[in-house]
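**Q** Listed in order, the protein sequences are those of chains A and B. Going by my numbering, 164 is the number at position 164 of the first sequence; the sequence numbering is gapless. Going by my numbering, 316 is the number at position 316 of the second sequence; the sequence numbering is gapless.
In short, the hints are calculated from the structure, not lab data. Treat the hints loosely; a few may be bogus.
It does not matter which identical chain is used: a pair holds within one copy or between any two.
The calculated lysine-lysine pairs, modelled on BS3-like cross-linking and capped at a C-alpha distance of 25 Å, are [to be verified]:
id: 1; residue 1: Lys265; residue 2: Lys345
id: 2; residue 1: Lys432; residue 2: Lys38
id: 3; residue 1: Lys451; residue 2: Lys94
id: 4; residue 1: Lys71; residue 2: Lys38
id: 5; residue 1: Lys368; residue 2: Lys93
2 protein chains.
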Amino acid sequence: MADPQKPQTPKKGNDNLKLPTRADDFSEWYIQLVKRAKLADNSDVRGSMVIRPNGYAIWENMQQVLDGMFKDTGHQNAYFPVLIPESYLAKEKKHVADFAPQVAVVTHAGGKPLPEGERYVIRPTSETIINRSFTNWVQSYRDLPILINQWANVMRWEMRPRLFLRTTEFLWQEGHTCHATEAEATEETLRMLDVYERFAVDYMAMPVIKGQKTESEKFPGAVSTYSIEAMMQDKKALQAGTSHMLGQNFAKMFDTQYQSKEGTKEYVWQTSWGVSTRLIGALIMTHSDDAGLVVPPKLAPTQLVIIIIGKTPEERGPVREKAHALAAEAKKQGIRVLVDDDETKGPGFKYAEYELRGVCLRAELGPKDLAQNQAVLARRDNKAKETVSLDAVVSRAGQLLEEMQQALYDAAKQRMTDNTFEVNSVEELKTKDGFLLAHWDGTPETEKRFKDEFGLTTRNRPFDLTQEPGTCVLTGAPSPGRIVLAKAY
Amino acid sequence: MADPQKPQTPKKGNDNLKLPTRADDFSEWYIQLVKRAKLADNSDVRGSMVIRPNGYAIWENMQQVLDGMFKDTGHQNAYFPVLIPESYLAKEKKHVADFAPQVAVVTHAGGKPLPEGERYVIRPTSETIINRSFTNWVQSYRDLPILINQWANVMRWEMRPRLFLRTTEFLWQEGHTCHATEAEATEETLRMLDVYERFAVDYMAMPVIKGQKTESEKFPGAVSTYSIEAMMQDKKALQAGTSHMLGQNFAKMFDTQYQSKEGTKEYVWQTSWGVSTRLIGALIMTHSDDAGLVVPPKLAPTQLVIIIIGKTPEERGPVREKAHALAAEAKKQGIRVLVDDDETKGPGFKYAEYELRGVCLRAELGPKDLAQNQAVLARRDNKAKETVSLDAVVSRAGQLLEEMQQALYDAAKQRMTDNTFEVNSVEELKTKDGFLLAHWDGTPETEKRFKDEFGLTTRNRPFDLTQEPGTCVLTGAPSPGRIVLAKAY
């Protein structure tokens with residue numbers, strides 16, 4: 001059985017050409033990288049992608065970590081229908097206004113047209129249909145809180161699709177909770193934002209700015225929306241996760257009430273929060289380089305590849321034996337390892353292929369290495385190579401993976417720091433590139449001017465920025481504090 | 001934070017009534033059990049269910065085990081679009097004939113009607129869209145085999161929906177593979193059937209009959225279909241998993257070719273195989289009783305609940321402390337454990353609730369137990385109770401879980417054996433109830449008569465039955481060997 005992680009036969013001549021560089025064309029670099037590292041393909045379905053094994057394995061690793069974090073904070077998984085009655089969406093005014101133009105509508109089923117009024121939309125998000133269940137599940141204050149998460153596919157018709165970043169269909173998790181009080185719901189909203197931040201920092205090696213979205217940028221139907229925002233290598237912002245305090249908006253539409261200790265009927269207070277396969281796009285644009293994909297070891301599908309070198313069966317035999325022994329040892333240490341014993345391709349080709357695909361460490365092992373009881377270890381991010389005694393290869397690999405995880409975070413953090421500016425003039429708005437901390441008068445009119453005149457959107461009002469009053473960088477009107485402006489995905 | 005596994009407040013008077021018995025009304029017993037054990041609810045979406053946390057946790061446990069088995073046999077996960085161009089389905093004649101009447105069709109999206117010819121169906125299965133990708137991925141014999149699995153939701157419009165067993169939307173996994181030769185594809189088809197059998201036996205504690213489906217029962221587009229068939233407590237058969245040898249049918253429709261070692265262009269040989277959330281229905285109907293859900297420990301969401309007994313804070317305090325210490329110890333041993341410290345409900349109510357919900361073991365711990373350094377352990381399946389010294393509770397719980405897993409299998413196996421009959425006359429066809437091993441002349445006409453006249457369908461031609469020629473039980477025409485006939489879900 002062929003190893004499914006091993007590089008496939010090159011297809012066409014230009015498949016072997018180098019990627020465009022980030023400096024030349026960041027956008028084209030990204031798309032080519034996604035395709036050539038076999039992370040995802042376009043499909044014949046408008047704006048929908050095929051997530052290939054190398055990309056899906058990253059998602060699986062993300063899921064596993066996040067799912068553990070959700071369960072540690074008391075949440076349980078459940079599953080709700082992918083189809084939502086069209087009438088549900090309409091119950092929340094802002095919700096339907098935003099989502100109606102984006103949905104895919106099922107009008108025929110079982111060989112017949114569905115009666116008007118019995119049509120369905122494919123879920124763009126599930127607040128409505130989940131609230132319908134909550135209404136059945138909640139009776140008394142003793143039933144609260146209800147802490148639910150769903151792993152699911154959702155669909156929002158995209159006019160300008162882009163692999164992982166904006167796709168018509170995407171995979172995500174959506175948390176949905178009910179609480180007895182506003183304070184508890186707010187606490188939950190911020191708790192899950194903290195979980196997302198911790199995941200971004202500790203696993204994705206991606207620093208983020210945590211804060212509150214503006215009125216115009218909040219989730220349709222929410223009272224307030226919070227986000228984590230990351231900076232990509234082209235200095236654009238990417239919203240990497242959101243957490244919404246929904247107040248009692250959906251509870252009122254679906255009559256989700258509980259009986260309080262005092263015997264009165266009260267609407268529940270709710271939250272929802274989500275991250276999606278978009279995070280894979282964020283991961284790529286945060287760490288990868290002109291040679292291809294770079295993935296933080298904690299999320300990498302393959303952390304170590306051992307490449308067998310040797311021209312003859314006599315040479316390869318003993319090397320193979322040792323390689324598999326090392327792989328078994330690495331596996332025991334929890335390292336995701338692969339042995340490449342393909343004789344039809346040369347080492348140089350393979351090195352480039354595994355760099356393209358984002359394998360964190362490469363061990364090169366040939367007959368001469370074996371004779372000298374050593375192997376060469378090469379790190380993906382900084383391309384550093386070192387010769388290590390065979391007895392120490394696995395433990396050294398473990399260290400290098402930890403060092404690489406930290407180094408990726410440090411580099412991303414440094415880049416964000418270097419490209420975050422306090423901006424106090426129109427001139428600076430025009431010339432500075434990155435996260436711009438600016439005073440804003442709080443009006444949607446000025447927010448629109450940021451967008452129309454400078455291509456900048458409000459990202460969030462950061463929590464960890466001391467908020468001092470000032471005057472709006474555009475209008476001179478009073479401002480309660482600075483907000484992050486950036487070009488964004 | 002309330003424990004989300006703890007019983008919720010009873011809703012209505014009749015929620016506390018007993019389940020119907022299996023003997024009185026098996027079908028109603030099943031539906032009530034599913035709802036009252038909080039496994040699943042109906043929804044407002046035709047034939048679609050809401051899978052509640054207690055049901056979804058069973059699916060998660062199943063997924064985890066199966067996913068490991070798939071990966072151990074070399075498969076990788078990927079994800080393909082939920083929408084399939086209508087035109088794809090039409091490419092395989094039998095495929096479209098069977099699935100077209102069952103699909104949900106998207107005709108509007110992004111606020112506009114889709115042009116005729118650009119409509120989509122929600123996937124009823126993914127052979128077509130996955131083959132479209134395979135065509136891009138396969139170039140040379142060196143790319144083979146390709147071994148892919150997808151975890152996904154699928155949709156088949158159901159006229160007679162039934163929670164878990166037949167739902168419009170269901171969750172499943174679908175394996176899809178490409179091979180260079182017919183022999184390898186056949187080997188893969190049977191390998192995965194074996195994986196399903198092993199999962200059914202070792203984890204679901206559910207014996208199955210493994211064999212080949214008849215021509216009329218095979219998957220639309222397959223060359224041959226194999227199944228595992230299980231016997232429910234009402235002696236009806238339930239098809240619990242299928243594995244298909246697809247030959248080159250889809251490869252030819254989608255032009256999925258590879259270049260052989262000899263340089264010729266060849267179509268790949270393919271397989272597909274799947275199991276779904278239907279398995280949860282199978283699990284329920286195999287093991288549960290009139291008191292509620294019984295789940296084999298290996299798949300149970302909660303294996304042990306420790307119930308704190310005591311009327312006053314003085315009584316409950318030390319009990320609580322010990323209960324949590326025991327729970328921590330159990331958790332360390334890999335036991336999925338829950339502590340119930342709810343003072344608002346009495347022990348009797350709780351015992352019934354946890355039996356209904358399928359918790360495998362109950363530990364009762366009160367102040368008197370504590371004084372005597374003991375607890376009472378009660379097993380869900382046989383209701384056996386024993387008093388165990390506190391030092392031994394966790395290790396004894398571990399043993400009891402193993403014993404229960406084995407006992408459930410033994411009981412199910414005995415039932416299947418007792419209700420499997422060689423049937424040699426029309427009289428026996430009428431009177432025997434269970435798996436009927438009968439000679440059949442192999443014609444679809446006779447197969448239809450089994451169905452129309454006796455309500456029996458062909459399940460499969462079992463592998464482990466010595467096949468001796470005989471004469472058809474209905475027509476007297478020659479028969480190559482016996483087939484399993486049964487009433488079926």
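**Q** Classify it for me, Lys265 with Lys345: is the Cα-Cα distance of at most 25 Å met within a copy, between copies, both or neither?
**A** between (71 Å within a copy, 22 Å between copies)
**Q** Indicate which option fits the pair Lys71, Lys38 if close means a Cα-Cα distance not exceeding 25 Å: within, between, both or neither.
**A** Only across copies: Lys71 and Lys38 sit 19 Å apart there, 31 Å inside one copy, limit 25 Å.
**Q** Could you figure out if Lys368 and Lys93 sit no more than 25 Å apart (CA to CA) within one copy, between two copies, both or neither?
**A** neither (71 Å within a copy, 58 Å between copies)
**Q** How would you label the pair Lys432, Lys38 (within, between, both, or neither) given a Cα cut-off of 25 Å?
**A** Neither: 35 Å inside a copy, 56 Å across copies.
**Q** If the cutoff is 25 Å on CA atoms, where do Lys451 and Lys94 land: within, between, both or neither? Let me know, please.
**A** Classified as within; 22 Å inside a copy, 54 Å across copies.
Violated hints, listed in ascending order, are 2, 5; each of the other numbered hints is respected by the structure.
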